[in-house]
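Line by line, the protein sequences are chains G and C. Reminder that position 210 of the first sequence reads as 210 in our numbering, one-by-one numbering, no gaps. Reminder that position 186 of the second sequence reads as 186 in our numbering, one-by-one numbering, no gaps.
In short, the hints are calculated from the structure, not lab data. The beta-carbon is built from N, C-alpha and C at its ideal position, and this holds for glycine as well. Don't take each hint at face value.
Among chain C residues calculated to face chain G with C-beta under 10 angstroms, some are [to be verified]:
| # | residue |
| --- | --- |
| 1 | 55 |
| 2 | 90 |
| 3 | 100 |
| 4 | 102 |
| 5 | 111 |
| 6 | 115 |
In case you want the letters, here they are:
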Amino acid sequence: MAEAQSIPVGSTTAGAVAVAAESTVATRMSAPPSFDVADFPVPHGREEEWRFTPLERLRGLHDGTAIATGDGVKVAIGTPEGVTVETVGRDDARLGKAGTPVDRVAAQAYSSFEKASVVTVPKETVLTEPIRIVVHGEGGVAYGHQVVELGAFAEAVVVIDHTGDAVLAANVDYILGDGAKLTVVSVQDWDDKAVHVGQHNALIGRDATFKSFVVTFGGDLVRLHPRVAYAGPGGEAELFGLYFTDAGQHQEHRLLVDHNVPHCKSNAIYKGALQGEGAHAVWIGDVLIEATAEGTDTYEMNRNLVLTDGARVDSVPNLEIETGEIVGAGHASATGRFDDEQLFYLMARGIPADDARRLVVRGFFAELVQQIGVADIQERLLEKIDAELEASV
Amino acid sequence: MATLEIHDLHVTVEADNATKEILKGVDLTVKQGETHAIMGPNGSGKSTLAYSLAGHPKYTITGGTVTLDGEDVLEMSVDERARAGLFLAMQYPVEVPGVSVSNFLRTSATAIRGEAPKLRTWVKEVKETMERLSMDPAFAERNVNEGFSGGEKKRHEILQLELLKPKIAILDETDSGLDVDALRVVSEGVNRVRETGEVGTLLITHYTRILRYIKPDFVHVFSGGRIVESGGAELADKLENEGYEAYTTKGGVSA
Ligand SMILES: Nc1ncnc2c1ncn2[C@@H]1O[C@H](COP(=O)(O)OP(=O)(O)OP(=O)(O)O)[C@@H](O)[C@H]1O
Ligand SMILES: [Mg+2]
Numbered sequence: 001m002a003e004a005q006s007i008p009v010g011s012t013t014a015g016a017v018a019v020a021a022e023s024t025v026a027t028r029m030s031a032p033p034s035f036d037v038a039d040f041p042v043p044h045g046r047e048e049e050w051r052f053t054p055l056e057r058l059r060g061l062h063d064g065t066a067i068a069t070g071d072g073v074k075v076a077i078g079t080p081e082g083v084t085v086e087t088v089g090r091d092d093a094r095l096g097k098a099g100t101p102v103d104r105v106a107a108q109a110y111s112s113f114e115k116a117s118v119v120t121v122p123k124e125t126v127l128t129e130p131i132r133i134v135v136h137g138e139g140g141v142a143y144g145h146q147v148v149e150l151g152a153f154a155e156a157v158v159v160i161d162h163t164g165d166a167v168l169a170a171n172v173d174y175i176l177g178d179g180a181k182l183t184v185v186s187v188q189d190w191d192d193k194a195v196h197v198g199q200h201n202a203l204i205g206r207d208a209t210f211k212s213f214v215v216t217f218g219g220d221l222v223r224l225h226p227r228v229a230y231a232g233p234g235g236e237a238e239l240f241g242l243y244f245t246d247a248g249q250h251q252e253h254r255l256l257v258d259h260n261v262p263h264c265k266s267n268a269i270y271k272g273a274l275q276g277e278g279a280h281a282v283w284i285g286d287v288l289i290e291a292t293a294e295g296t297d298t299y300e301m302n303r304n305l306v307l308t309d310g311a312r313v314d315s316v317p318n319l320e321i322e323t324g325e326i327v328g329a330g331h332a333s334a335t336g337r338f339d340d341e342q343l344f345y346l347m348a349r350g351i352p353a354d355d356a357r358r359l360v361v362r363g364f365f366a367e368l369v370q371q372i373g374v375a376d377i378q379e380r381l382l383e384k385i386d387a388e389l390e391a392s393v
Numbered sequence: 001m002a003t004l005e006i007h008d009l010h011v012t013v014e015a016d017n018a019t020k021e022i023l024k025g026v027d028l029t030v031k032q033g034e035t036h037a038i039m040g041p042n043g044s045g046k047s048t049l050a051y052s053l054a055g056h057p058k059y060t061i062t063g064g065t066v067t068l069d070g071e072d073v074l075e076m077s078v079d080e081r082a083r084a085g086l087f088l089a090m091q092y093p094v095e096v097p098g099v100s101v102s103n104f105l106r107t108s109a110t111a112i113r114g115e116a117p118k119l120r121t122w123v124k125e126v127k128e129t130m131e132r133l134s135m136d137p138a139f140a141e142r143n144v145n146e147g148f149s150g151g152e153k154k155r156h157e158i159l160q161l162e163l164l165k166p167k168i169a170i171l172d173e174t175d176s177g178l179d180v181d182a183l184r185v186v187s188e189g190v191n192r193v194r195e196t197g198e199v200g201t202l203l204i205t206h207y208t209r210i211l212r213y214i215k216p217d218f219v220h221v222f223s224g225g226r227i228v229e230s231g232g233a234e235l236a237d238k239l240e241n242e243g244y245e246a247y248t249t250k251g252g253v254s255a
């Protein structure tokens, strides 16, 4: 594995500041966060936050030419008892509470949706069944906004499935009350032509726990911003992701964890496998530890396994530390080729080459999938990974 | 009776943009039930012979033949060789992150035996074999060779030898890096397999130490990429006393 670097717990912050000095999160954005698309210039591709993205494949989401077709996606929400689902207008006070759009497409989504959906788990309600949100692309252009709000000490698992074909710009807000526990699994299992761009904002209450799995398999272009901020001390965020980028696909995950209050934790682990000509994965991991956030404990890691020639990874971990009074801060990024010695070892035990490759890639992802803790979802994802491998490795 | 026949084997590697001949005409026949020790100085090409027989892609066969029961081994892919009955216990076993020992062993046994072993008997078989090799059962859930000590890696190789029951076992410096206790445990594992009479063993070693536990029928001195002398177990005693000096000056180690 080339290019691994990490700042171990207890190291001086000088090294981390040097890492951060290359580009600070604030100066990297071409405009400050805003709900209004007019506040963002149309990107041309040279902007720091757009430089990895093929704008011509955004199908007009970035320049105002993508007009909602009214039949873009169908959304179905299945909820266990005790959960409410409301369809609300643009003026609902709960919208946008968890975060503000940071780029033009997220602002376009916020400026363009007509109705939003708000799922509420009342305080102290502990769900035993997942909330299931199915977003199915019907071939059109759509803008959307989804809110999931957990009251204090509520516990829930939310599974969001994206399938079919669409050009979709949609943001999701997760609002966690004090002591709440939310696990979200967002699966991007789109058809080959789909375009999906969105910002996922989590606002984590005091002592609340947010666990997110972003799983991207499909689409022509998927670009997501999973973002976390804390509303009180003691919050914990685990951001896990896996992607399987095939020939011609562009899959981009741009994380930001804003440690804006003291004594919070974050742990981000994203793993990707790439194969085929023109497969392109982008991972940006921005972690800010603000001056007020003493006692922060954070780690972020991105690992990529490049299975064939012609695939490309851009992986940029970025840690910015404004206070030395922290428990730990580290980051690591590694991109490796499929290892011939591993292949030889497995084959020397009678295992055919294709099976050996599958074993290794499955193993690479399985560690992460096991963290979900919901058996049938884990099962489904492993099956999906097997199918991806079956199709191509 | 299974027979591995190596005839006039020549092998090269690419290093620093140059082609270097490592094996310069190896002749050797190993039959089921026999144990051959190959002894030689560092760099004489012992591992190269082992890897070439297993089919490692780094080594190019430039001449000679290798057959197993008359079948052309050199035509087979790495996994085909293993399924045909060749086993290589490696000098430096490879770490495979994310793949558990139990999953690996079962996948491998399924490939070699041609069908998945029955779960209940299999679990018992693995457990008992691990016990005999003094391996902690927790190893089954660890990733293949990841974080294993040198001795643990070697035990894991012999565990596979015992479970996969090959026709021909090539053991490349299985003794290196082992303390006396581990050497005994590992040797006992090899002897259990030998006692079945169904395996031909090619024991590659630099030192005579392991030969106190595993008695060879034949000893071959390897130097400069070929066998320079062959004899019975007594040849090992001579090497013990006199070292390889006589052979390195005579045979010449490839630089
Ligand atoms: N893949 C390779 N690339 C370059 N040179 C190699 C390679 N494999 C072996 N060699 C060279 O071939 C020669 C023989 O190596 P080999 O590992 O077969 O020796 P050995 O007898 O097993 O030694 P040891 O006792 O140290 O294990 C050495 O000079 C070695 O550097
Ligand atoms: Mg060697």
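Here's how the hints hold up against the structure:
no.	hint	result
1	55	8 angstroms, holds
2	90	7 angstroms, holds
3	100	8 angstroms, holds
4	102	12 angstroms, violated
5	111	4 angstroms, holds
6	115	12 angstroms, violated
Going through the hint list in order, the structure does not satisfy hints 4, 6.
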